[in-house]
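Asks: Just so you know, the sequences run in chain order V and Y.
Number 429 in the UniProt record's numbering belongs to position 429 of the first sequence; there are no gaps in the numbering.
Number 354 in the UniProt record's numbering belongs to position 354 of the second sequence; there are no gaps in the numbering.
There's no promise every hint is true.
Quick list of the computed label-pair ranges, beta carbon to beta carbon [claimed, not checked]:
(1) V:Lys137 with Y:Gly239: 43 to 49 angstroms
(2) Y:Asp108 with V:Asp228: 58 to 64 angstroms
(3) Y:Tyr151 with V:Arg106: 15 to 21 angstroms
(4) V:Ile386 with Y:Gly345: 30 to 36 angstroms
(5) V:His22 with Y:Ala106: 34 to 40 angstroms
(6) Y:Gln79 with V:Thr45: 52 to 58 angstroms
(7) Y:Tyr151 with V:Ala32: 48 to 54 angstroms
(8) Y:Ser25 with V:Ala32: 42 to 48 angstroms
(9) Y:Gln317 with V:Ile386: 28 to 34 angstroms
(10) V:His224 with Y:Leu139: 46 to 52 angstroms
(11) V:Glu385 with Y:Thr324: 52 to 58 angstroms
(12) Y:Asn325 with V:Glu10: 35 to 41 angstroms
(13) Y:Asp108 with V:His224: 47 to 53 angstroms
(14) Y:Ala170 with V:Glu385: 15 to 21 angstroms
Calculated directly from the structure, the hints in this document are not laboratory data.
Glycine included, each C-beta is placed from N, C-alpha and C at the ideal position.
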Amino acid sequence: MAPSICAICEVVRALIIRPKNHQKLCKACFIAIFEAEIHHTITTTSLFSPGDRIAIGASGGKDSTVLASVLKTLNERHNYGLDLVLLSIDEGIKGYRDDSLETVKRNAVQYDMPLKIVGYDELYGWTMDQVVEVIGKKGNCTYCGVFRRQALDRGAKMLGINHVVTGHNADDVAETILMNLLRGDLPRLARSTSIMTGDESSEVRRSKPLKYAYEKEIVLYAHHKKLDYFTTECLYSPEAFRGSARSLIKNLERVRPSAILDLVRSGEDMARLVPEAVTGISQCKIQKVSLSSADDEDTSGCGTNGRSGGGEMADMEKKLQADEDAVGREVDVTAKTSSDNDGLHTDAVLLKLGKKTGPKTKMVKKLTRQTLGTCRVCGYMSSQEICKACTLLEGLNKNRPKMEIEIDIKDEESSIPRIKMEGVVQAGG
Amino acid sequence: MGSIETSAPTCIKCKENASTLQIRSDNICQSCFCQYVTTKAVKRMETYKTRGSTKIAKKMLFPLSFGSSSACLLHILDQHITSQYKRMNRAAFELHVVHVDLYLDAVDRKGSAELLEKYKTRFPRHTYSSIGLEEALSLDTIDWSSLGLLYPPDVESEKPAIERLQHLIAAMPSATSKADILTTLLTRLLVSVAKKNDCEATIFGDSTTRLAEKTLTETAKGRGFSLPWQVSDGISTYGVAFNYPLRDLLKKELVTFSSMISPPLTKFIIRQEPSSHISASSKQTTIDDLMAQYFESVEENFPSIVANVVRTTSKLQPLTWEETNSCGLCGLPVSEGTDGIFGWGGDQNSDSRVNREHGEQGILCYGCSRSVNG
């Protein structure tokens, strides 16, 4: 076969098949179009104004490294007039974060940008290593994600910056849309699709300039620009198999390359179809789901981990079944209850009977209107009265002194915090 | 059901018979299982109860695909109508059963005609008809010029319709696009059949699993905007209501049901090949295939998640645009000022655009535009 010529410049031999639309391009044209598209996103959404100070949430991974590199390039090329700063979070994971932070430190030199590193220990009094000691290796990604989101806000505030950009790409957005459909979480689906969260009045705005950029193109760009980034997966990801939604997206992309973009478009359109007062999320679901899902943007930086693993789906399934049972019980109370102790039940039935489903039924119909306010405890942005980070911290801190006596005193079960209970359930499932 | 072990738990519903089946995680006997399936479906038809002195039965279009779900639903509704007649000598609704031939091959068509005869013999109470998908080409509700094809199917009308349909499908850029346009044509054809026969609603046999599958398929095809019209009961922009009485039942439950009832429906059902062998690297694989495969596995382990997807999607509300255009192909409302796959945030570079060689196009929605333009 004769070598293909680049579809754009029609001069140079094509070396790259563009993942987004399978266009054959030369290296220079690919880099140019990748940058031009991000410039297009930034200008059409009026993401920045001249003189803005912008913190780039930098993990040392490919997405944030490409974001930093592209923003620097575009800022100089198109005179955005931005003051760019790298902002990194030190979760306190030995052997992982200390290495990736080295990458960020090199990036700071390479891109000539100031770097601020904020540690979980100074913000929350807990490093991730310590959290894992308590929570175990499963389910800790939730903590990490929730803590990180707020850590970026706090870090930005320390720097006097009110706009944080993150490296979320089109694959991440598409994945969030699918995940929230599977979770049945319309409010979060609606919020996750917009390029910007918060507005001029918010203390810290967040945006994702790579929202329409394919992950594969980000990798290609990083490769061809020879960017210095860090690829090792987080240590605390024993369930690092690709989440259900993520592997589905990869397959969809193979069958129809536009699928990722089409998913993003669907999400944007569906966000407008979500009724203003979104109904039907029971109180118990809110607690569960919001705990397990970190936040709108999920746990960027952990790559594929922790958000859509089988464990989470299994938990959700249990939760939903319990709700269904509770509803069913209310409807036909007469159907059962008698002759329950004839010893013929399977474990599953016994287990279910043991669950207290009664009080949940009443809350099923509760309306949940989500508005952005501030956390009563720490004062940071939150849609709940007490933000997720503080809720999680409360559990952790309660847990700290109790750890040792737990094994001895069995009948204190009821007073063991929920979070600990969840850990047990997850480890079992 | 073969011999029942003495240790088999008692049915959780009737507390008498030994259980042989499970609904979600409850052990249940065969007769209670059939009761459960029937009740779930009939309950959904309560909207069409006879009220007061209305003696005239409402006409419903019933598309029959020969799959497990529509076969089960026909059985259930047939029994329901029969018992209504027995009780009060009238029924709330009557069914016009239609089978749309998606296969263009004469041999396949003969086979489906014979199968439809079997249905007529088993459920003789209803009106039956069958129609080939190529009939959709003569629908005046579709703006064929909007497709921007060199040879729109309505122009070369001297050629046989089947051949023109084949040309149209062949002109689509991918397997997913082909499947997508076939689905769209099917829907539009059914609506026109419903209207011609004065049916006030169309009763679809989609199970929970199928509706969840559809939700994610349409989302992945860029048709998120259309979901309120695709999975909700009652809402339709076409002037004919769509209803999904099996929306609370899983696919696997219906498959079981079809073999439980007596005589079983097994011989009336054309089973689809299990989707487990579908590979994402095949050129023939569609997004629809991938989603079917995905939900087959989710249904197995996480049935409540499947149901939750459908419940959630049903909460989406259709947009009410002040001024709306309709998509030339699927007919759904398109918001003012949009241009198919072009002219939105994700359309970032005019160099990447597909050339539109065939002059001015009409209005297409994002999903149809994607299918036509690739």
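Asks: Now tell me, hint by hint, if it's right for this structure.
Replies: Hints, one by one, checked against the model:
no.: 1; hint: V:Lys137 with Y:Gly239: 43 to 49 angstroms; verdict: violated, 57 angstroms
no.: 2; hint: Y:Asp108 with V:Asp228: 58 to 64 angstroms; verdict: holds, 59 angstroms
no.: 3; hint: Y:Tyr151 with V:Arg106: 15 to 21 angstroms; verdict: violated, 59 angstroms
no.: 4; hint: V:Ile386 with Y:Gly345: 30 to 36 angstroms; verdict: holds, 34 angstroms
no.: 5; hint: V:His22 with Y:Ala106: 34 to 40 angstroms; verdict: holds, 37 angstroms
no.: 6; hint: Y:Gln79 with V:Thr45: 52 to 58 angstroms; verdict: holds, 57 angstroms
no.: 7; hint: Y:Tyr151 with V:Ala32: 48 to 54 angstroms; verdict: violated, 37 angstroms
no.: 8; hint: Y:Ser25 with V:Ala32: 42 to 48 angstroms; verdict: violated, 57 angstroms
no.: 9; hint: Y:Gln317 with V:Ile386: 28 to 34 angstroms; verdict: holds, 31 angstroms
no.: 10; hint: V:His224 with Y:Leu139: 46 to 52 angstroms; verdict: holds, 49 angstroms
no.: 11; hint: V:Glu385 with Y:Thr324: 52 to 58 angstroms; verdict: violated, 40 angstroms
no.: 12; hint: Y:Asn325 with V:Glu10: 35 to 41 angstroms; verdict: holds, 37 angstroms
no.: 13; hint: Y:Asp108 with V:His224: 47 to 53 angstroms; verdict: holds, 50 angstroms
no.: 14; hint: Y:Ala170 with V:Glu385: 15 to 21 angstroms; verdict: violated, 59 angstroms
The structure fails to meet hints 1, 3, 7, 8, 11 and 14 from the earlier list, while all remaining hints are met.
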